[in-house]
Amino acid sequence: MKKKIKTILFICTSVLIISCAGNSEKAIKTDQLEGSIKIDGSSTVYPITEAIAEEFRDVEPKVKVTIGVSGTGGGFKKFGRSEIAIANASRSIKDQEAKNCGENNIPYLELSVAYDGLAVLVNPENTWVDFLTVEELNTIWNPAAQNTIMYWDQVREGWPHEELHLFGPGTASGTYDYFSEAICGKKVGTRGDYTASEDDHILVQGIATDKNGLGFFGLAYYEENKEKLKLVGVDNGKGIIIPTMETVSNGTYAPLSRPIFIYVNDAAKKRKEVKEFVSFYLNNAASIVKDVGYIPLTNTEYNREITKFNNFLKN
Amino acid sequence: MNNSKVNRIKDKAFNYFGIFCTLIGLVILAFFIGNIFYDGITRIDWDFLTALPSRKAEKAGILTAWVGSIWIVVFTFLIVVPLGIAAGIYLEEYGKKSKLSELLEVNISNLAGVPSVIYGLLGLEIFVRVLGMGNSILAGSFTLALLVLPIVIVSSREALKAVPKSIRLASFALGSSKWQTIWHQVLPASFGGILTGVILAISRAVGETAPLIVIGALAYVPFTPSSPMDEFTVLPIQIFNWISRPQHEFTVNAAAAIIVLLIITFTMNGIAVYFRNKWQKKINW
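Going down the list, the protein sequences come from chains A and B. Residues 1 to 315, numbered by the working numbering, are exactly what the first sequence covers, in order. Residues 1001 to 1285, numbered by the working numbering, are exactly what the second sequence covers, in order.
Mixed in with the good hints, there may be bad ones.
Examples of chain A residues lying across from chain B (beta carbon under 8 Å, computed) [to be verified]: (1) A53; (2) K64; (3) G68; (4) D199; (5) E224.
Distance windows between CB atoms, simulated [unchecked claim]: (6) A:Y151 - B:F1031: 34 to 44 Å; (7) A:E163 - B:I1243: 22 to 32 Å; (8) A:N284 - B:L1262: 36 to 46 Å; (9) B:P1115 - A:G158: 41 to 51 Å; (10) B:L1083 - A:E163: 30 to 40 Å; (11) A:N147 - B:A1013: 22 to 32 Å; (12) B:V1130 - A:P107: 36 to 46 Å; (13) A:E157 - B:K1059: 48 to 58 Å; (14) B:A1210 - A:K99: 22 to 32 Å; (15) A:E103 - B:L1131: 50 to 60 Å; (16) B:I1118 - A:I242: 42 to 52 Å.
No wet-lab data here; the hints were simulated from the structure. Because the structure is a prediction, the values reported are computed rather than measured. From the three backbone atoms N, C-alpha and C, an ideal C-beta is built for every residue, glycine too.
Okay, chain B solo, but in the shape it has when bound (with noise of 0.2 Å):
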């Protein structure tokens, strides 16, 4: 066997091992969600979507809970898309050299990798207590922001780094400054990337539970808000509730709630995936 045929097997091998690692993800992910649709779908009926909490498992519906985590995500959306893009902003066009950028970016890298129930506790007590929330939508929509905060920053930065110097330099030469160079050329080019990143922290929001729950997200909660100084639970804590019930007739209906859960994450994804996509196309340079 000469060396290029031994390379060409390499090269092979190399490939079914990456569709190998490439079809674990896909096939385990499957297999959970058909699992979960097994278990839960028959659950899932008008009554489930509009019951409040009960002890009796058939009662029971998730109205409380998923509205809970909708005020949440749309509060969440509303404050960490301006405060994320504007970071981005200052940072990749800003400041862009100078020390205390560069002190910024190392601890936006290590605050994402905090584990979220400590950001449980600095919202109990930022926003809690010290701003007098209580234990609101509000309190939680900025903890959870705070939380997915870094990855809408670096998601920014990366999409407004992609757009070529060419078009800012045109935009100078015409005669616009600085603000309008990255109001009228940088941000509607890079929008695409950067909604990419916003789907991304919203999916990540929509999911978590420690933290909602350190800073007294409740379990029963037998009316809707009306408005985001109320207090609230969501999803995942439901979810977290019925799972531990000794009853196997819970276990179904949490089955079903994360049905519920995946449908609220997927739709959100497709619409800001629609947007993208409809953004994107617009572009020609």
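So here's chain A without its partners, still in its complex pose (with noise of 0.2 Å):
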């Protein structure tokens, strides 16, 4: 048993020791900085985060940026305890969520890194949506209409009498409550009688195999699935809009784009590390965000952003 136990527990060392073998450094440069940055929040915003993170690494090695993905309120409840230095947020933060940094005494600051589209989308075979208004997108989802409007002649005139399909991410993702509040207003939610998944691969599916579908989710899931989806364009008033890099980013496809945020506490003040990184973000973004299927913010609009850190770091 002894001799069972020891050629056990000499595998496991000779295991431990095997994988912190992998774990030596790079040779560098003196004179860099040090630390580490704990980032938390949105998955939505976790691509973009991680991008820069893996450029920030080229520059400065030594620092340890760790990112998770707790979901935006998570973040934020992270952010709120200091567990956290920077907050990944597809949303702007909530009244409670404020209040709690405020009575841990955490000043804080929102940057605004991207913009992020959500797109309409119907199969490609469907031969009569042109385009949807913003009233006709609130007939087919408002809460009212569930188990009402089933049918394509119920949402315009003309349309065939044809089911209507129904496809959208769950309710727990920050894209459904942006959708809803965008379309339905604020703290109705949507109809429920649609298929909802967190899978947005499966919401491609859905739609792309049913005739008479009809779904929304991110602009980059449109973009790498295009042949087999058809973009509808929506009209919000002012003309029908077709979301694109340019139509998102200048704010001309409302209501259904939004920007995201991260947002930093004032660790960025007291260590330079966490200074480095953000700037290094809101220097970089512009590149980086097309990469990985966001739109970024005007040169503009990043520059505002930068000046916001500036005087925050004054401050």
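Relying on the hints, combine the two individually framed chains into one complex.
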């Protein structure tokens, strides 16, 4: 028995040693920043921050940046306890969350880093939908439509009497929150009788294989599945706007484009590595944001955010 | 047709039905593994295993994820094995008929059915916050150890129960104490069965995502852990993260990472099965 236990322990330790061995760091210059930056929050913002952290690694290899994906709400919870220096957020901070920061004496700053557009999509074989107005989207999605708006001809006269099949992200996602608020109003939600999935690939599949399907999700997913889906323009009263890089970033694709944020606390003032990271973020976001499928702010807007950040550091 | 003929037909029919049921599981598994290998096998190379996470799918690797998974598994193993076996021994050998052990038994069976995310919440409060372990490997391992503890306890008890009474009596007859009997006779004899439970438990732990996300395991960690107090990520989190990306190349990465996870699981099971077989050969009463 003893011998066996020893053998087992031996195997465990050797595995440990092997895994430690992978930890060797590259040789680096002196006079570099050290420390760690903890980031958490929205999974929507995650790809951008991950990409920035990856690039930052080349500049300051000794700074350990770690990123979690607890969701915007989870991120703000940790942010309000000072457990993290930066929070990724796909919406603005809520009053209660801001109050937490205030109670714990955590000054913070909101910085926009990119835009995200919500695309409304139908099947490519759908010949009747040319565009949708915001009112029509509301007719389709608002909670009262449940079990009543079931056919396309109830949305607009002249459309065929075909069943309407809806697809969208689940209620836990920030994307859902944003869509329901923009289309149905605050704290109303949407109808519940649609096919919901947190996995956007499933929504893509659903709409791509259902002639009567209609759904919404982040523009990045449309860009990757262009040939399977038909993008629908949205008319907000000022004309039909198709979401593109341009219409999202200049705000004409309203109300379905939103800015996404990072929140940084006063660690940026006290710790040089945090300050450097945020500056690096804002200065390099324009090209990196595009890389990961989101829409960058304009240069003027990035400069505005940089000024905002610099002012925050001074006060 | 007489009665015995009907019975024979029924017999055959049930036989085929049984084969059919067994095959369903196997075919689905084979299809799944085949599909994953088809998608991901070409993506696995040395760079994939040694590179850090990246926004570019072709440059991204799983070093921190698989190393994190191994850390977690080793520590979970170290925590759950002594606890689980000791609890099994107590319930089976010492506290056999007391009210307390009845209560414990019911609770252990209940615990086995609690959803894993609940363990995550428990771990977050106890290990991460109250005991101040932070979002560390240690906190993750303790949480997973709690999660799989019932499996080890139950299988240890079954294994201990299977040791013939004559062995114990013979040991007592030679004058050994209860503890000596357990340590020198009962435990070695039941070791194979206990290991089976441990294998099942660890295989489950290595695939868990939800409780680790809850206790604050990260998605992007650009360094491998160097102590159990370090922050970490694990393979299932990396896989989940990649699957939810819009770009197809990340799905390929996810498939490749799944293959690596399967290999890790199979290897660990292989090691355990090897020890179990070797052990069982030595027992001849």
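Status of each hint after checking the structure:
| no. | hint | verdict |
| --- | --- | --- |
| 1 | A53 | 6 Å, holds |
| 2 | K64 | 6 Å, holds |
| 3 | G68 | 4 Å, holds |
| 4 | D199 | 6 Å, holds |
| 5 | E224 | 4 Å, holds |
| 6 | A:Y151 - B:F1031: 34 to 44 Å | 38 Å, holds |
| 7 | A:E163 - B:I1243: 22 to 32 Å | 30 Å, holds |
| 8 | A:N284 - B:L1262: 36 to 46 Å | 37 Å, holds |
| 9 | B:P1115 - A:G158: 41 to 51 Å | 49 Å, holds |
| 10 | B:L1083 - A:E163: 30 to 40 Å | 56 Å, violated |
| 11 | A:N147 - B:A1013: 22 to 32 Å | 45 Å, violated |
| 12 | B:V1130 - A:P107: 36 to 46 Å | 28 Å, violated |
| 13 | A:E157 - B:K1059: 48 to 58 Å | 53 Å, holds |
| 14 | B:A1210 - A:K99: 22 to 32 Å | 29 Å, holds |
| 15 | A:E103 - B:L1131: 50 to 60 Å | 25 Å, violated |
| 16 | B:I1118 - A:I242: 42 to 52 Å | 45 Å, holds |
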